[in-house]
Amino acid sequence: MVVPVIELTGIVKSFGPVDVLKGVDLKAFAGKVTALVGDNGAGKSTLVKGLAGVQPYDGGSVKFNGEEVTLHTPREASALGIEVVYQDLALAENLDIVQNMFLGREDTRFGTLDEGTMERQASETLQGLSVRTVKSVRQKVSSLSGGQRQTVAIARSVLKNAKVVILDEPTAALGVAQTEQVLNLVRRLADSGVAVIIISHNLVDVFKVADYISVLYLGTMVASIATADTNSDDVVGYITGSKTYKGQNV
Amino acid sequence: MTSTPATPPPTIGSGHEGSISDQISAYFRGVRQGEMGALPAIGGFLVLVILFSFLDANFLTPLNFANLLTQAATLMMLAMALVFVILLGEIDLSAGVTSGVGASIFIVLVHNFDVHWIASLIIALITGFAIGSFIGVFVAKVGIPSFVVTLGLFLGFQGLQLIIIGSGGAYRIGNETPEISAIMNKNMPIWLGWTFLVIALVLAIAIALWDRARRTRAGVANRPLALMWARLGAISIAGVLFVALLSLNRAPSRGSLNGVAIETNAIEGVPIVVPIAIAILWAGTFILDRTRFGRHLYAVGGNPEAARRAGIKVASIRITAFIICSTLAVVSGIFDASRIGVVTAATGSQIVLSGVAAAVVGGVSLFGGRGRLTHAAIGALVIAVIANGLGLLGLPAGINFLVTGGVLILAAAFDAVSRKRAGGALTR
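As they're listed, the protein sequences go chains A and B.
The first sequence lines up with residues 1 to 250 when you count with this note's numbering.
The second sequence lines up with residues 1 to 428 when you count with this note's numbering.
Same shape as in the complex, but just chain B (with noise of 0.2 Å):
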């Protein structure tokens, strides 16, 4: 039997300790122990950008960077929405046929039955909310593997897509709805982009100020106030670029004929997508950094057994995860009728296996646990920028599938192999 110690033990730290130069290399030790989070997919995205703008003079232009976003933010969408399963260590399968199913009865509903596109769109989001709670109640209560049941749903879903649109059909979205084939395809007004900027800005602060507050109140470190700022300044030094860039007239010149210059129209200013995409993964990051539910997400998808003794209701947690999911997957299918312009029996099929791709290569751990919204977005700019950039070279599309499928490997390759050095502390 020992005595307890005479002297008072060590303070415990809490890592928000010491200055700015301790707090650098304490995230330098964390990404050499295997913590990288999105930093390969950061990597791989510079990596190609830099070699596409060396290859493709259209690359580097403020209307490809546009493009860019557009055909990226369906799959940011799907990715994002997968996330929330994936974190569960779960699979939802049957994400692309679910944004397909979801943009298929929102257009039917306006084309065929002329209901108001916003009363439409709520159904639309209604139909994926039932979506996710059915395969969420075969998961959590029946207890048949997510992988099953949603494979089941990818291939039953196809056919109910056939018999929503019918055989060989297609329906225009621009002739019916302006409103949504102007998400991808129109552009804010320059001063409206400037002010959501303005908005974003202010909230960021807003939530770094109220954190460093509530810390002080509870008596425990805070990291140091320039750190806060500098983080606080990149943010806004990065969006005020990414706001001038759109605000550029993008409109590519026609030259000019008979000494004459042809006028074309100003394209310019913030897509209407980017807003909403952004304010989808704050709310999402919202959720699962700051609420409860989010810490039982987390929780479930590292030790469910664990989970259910804390007295977290893991069945429930899965339910409302694939709810989720099958919910912004149909926002995903309403952002990939828009781009495209039509909703055929086809939308959405092929999608949710990229959708996986864009999560992995951004960092969310398959096994659960691990990952977040920005991982998976990020993700899809990589899956993205292959697509983009090989299609300015004129590459066949096969070459596409060959190097996302190839990024995805090397992704997950060098995501273990950090891990494995830093001593396989996790070996997920």
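Just chain A, same shape as in the assembly (with noise of 0.2 Å):
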């Protein structure tokens, strides 16, 4: 059996009175690409936001390959290497695609700024990636497209090699061409060898991408499925809760 390299188990969240999330168990795998679905509140985000230790859980277990771990904080996660890409990204718009990847941890030689080094990194994590839709380095974010700036956001998530990177909705602004292109990227960055864990409310792209399906409803992990073995009717039953899945979770 595979270890994951993210496995949660148990995961208990509450905010005062309310439970969001009662006891979630969730997978992921390196070099596969594991979808989080489900309606709104049903607790995706508090389950991303624990894993980059912006908002810590009450209870559970986080293992990292294997190993009890602590996300306390942004910084423990992203020293285990796990990046999150948010949905509005985070970009500044006035800044070049180098100056975003490298945002907060810029390279310096002499107290200042290695501009040469920090170029060559970003052009060659985004050859990594095969991404062909960037045609200088040195453009300004507010020059670039949806699908180019998701593409320059993950990247920058990949730059210092993560080992789990964690997509929010990472389509859903995007046109037809840009959502395959990104959908391509995400395919790439999980055949690197990391573990992809992608957020999405767009069933058609979530069976386009992902290897394992795991479906949150009102706080519970109902169902985790591999793609090959379920369809998009059942995962929508799933999600609006009018289907129980009996199978074996991943």
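Some hints here could point you the wrong way.
Examples of chain A residues toward chain B, derived with CB under 8 Å [claimed, not checked]: (1) Leu91; (2) Asn94; (3) Leu95; (4) Gly104; (5) Gly116; (6) Leu126; (7) Val134; (8) Lys163; (9) Gly193; (10) Asp233; (11) Val236.
Please keep in mind that the hints were generated in silico from the structure rather than gathered at the bench.
Here a beta-carbon is modelled for each residue, glycine too, at the ideal position from N, C-alpha and C.
Can you join these two chains into the complex? Each is in its own frame, and there are hints to help.
As structure tokens, this is what we get:
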């Protein structure tokens, strides 16, 4: 049995009297894309914020490569190689691609920015992800399309050898062609050995890119299935609570 | 699910590749897309210079050129100070009165307390530092909009200055500290002007070569070497012309009396303020372009949330920017005192909005994240040349304000239209 990079067991989290996560299990494997789906308010964001260390869980165990770890601060999460690409991307439009990819972790030499080294690493990372939509790494982010921005945000997350990349609705605001590009990028990201967790409302995208699908329903993980073993109708049923998964969870 | 394409992806460029003509066309493409920088301000400056030199014979003379520099220096320093906070999308309405408070503290210490002028200067700068820290903490930690905090200080410091100086008081700079008075009113010996030019050019060449060496070591493309030399050559020619012009004797000739020429003392050499202003401009630009602090300042100005998530300490960046602004504002206050010759309770109370105008005319965005110190310096030159030229023409002061306001709106409109036409990539 392959050891998952991330293994959450019995995660609980509540905000005051509201139990948002009621004992959730989740696994993510290296080189695989795990889709996290569920209706609004199911607890997807809360689950992800806990992994990012932004909102620590109240209870449950987090295993990283089989070892128990704590995720109380964003720093702990990123030290383990867990990176989150949020839906609003959080890029500085007035800066160029290299500057955004290295924001907050710039390389310096003699106290001054080492632009050449950063530039080379940025273009190597983009090329490693087979990005072909970007002409120059010195383009301002303001001049990029939505898909290109998503690409930059993802490339930023993998720049420092991320082990786990969590993508929050990466295709939500994109057109057809750009969605295709981003999904290809997600696939290549996983193929490079990263464990990818993707949150999406778009089941077409999920079935196109994911290896596993985990369904949250009102704070409970109701199904974790290999994509090949299920279909869209069933997943919609699990999401809305009109069907119950009887099989074995992954 | 799509498989990874078999063909290797095309190399991603960085804008440094290609021949000189590629580089030039890339530059003009950027300009067409709204990356104008200080171009409108430079254009405006040239138009004004040409206009005034036709209208008044005294405008394009070495004497007036030197006058223009000293007239612009105070505003230039204040505008450069403001750039640090404007880049964050913040504003410091109290920068002008901070400059006045700094100058007041300086002169009162020298005059009333017999403190050495260097010690007084340091205490004045520390006062600026403290004022900046105060504003920064209230903006970044307490969370009051900078407009409100600095508006409060703008009102309060006028009173503070009145208390320091005393009602109706006026302190003469020249008698107390000839050293400070010299900044604006004395010139360097001609050889010293040339020495500074050589130092500046050697420094510029060394940094350009160092940048190339660093990029080569990192294994990334460099712009054509010829382009670098062309740029440095242009800077050298401009520098030589600048120093040569200021090395001419610009004392007005007094004609002759009974066939004997009246001797006047020679006025020649680069004004002392010039190397000081250029050094501060250079140091500030170095910090903004080449240090992590500078990069983070632009990031916070562009998207504070992105900066926060990237692990940047947004509050300390904000506080530092306000500290730099207020400290440089005190420098501008000292410049002002040096040029005017007296410090009164009103010193610095009028200048702050001109400083903001200079930054905006030069192409600094009030929304934050876009602009450079040189932009503010050029903007200050534009505003100073309006006052200078209209003053020579003997037009009433009201016209000066009207024209300055018109140029500000024109510059902002030019910037907005060029960006909109480029597709509104950046709506600010």
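* To do: Quick one: which hint numbers does this structure break? Sort them smallest to largest.
  => Those not satisfied are hints 8, 9, 10 and 11.
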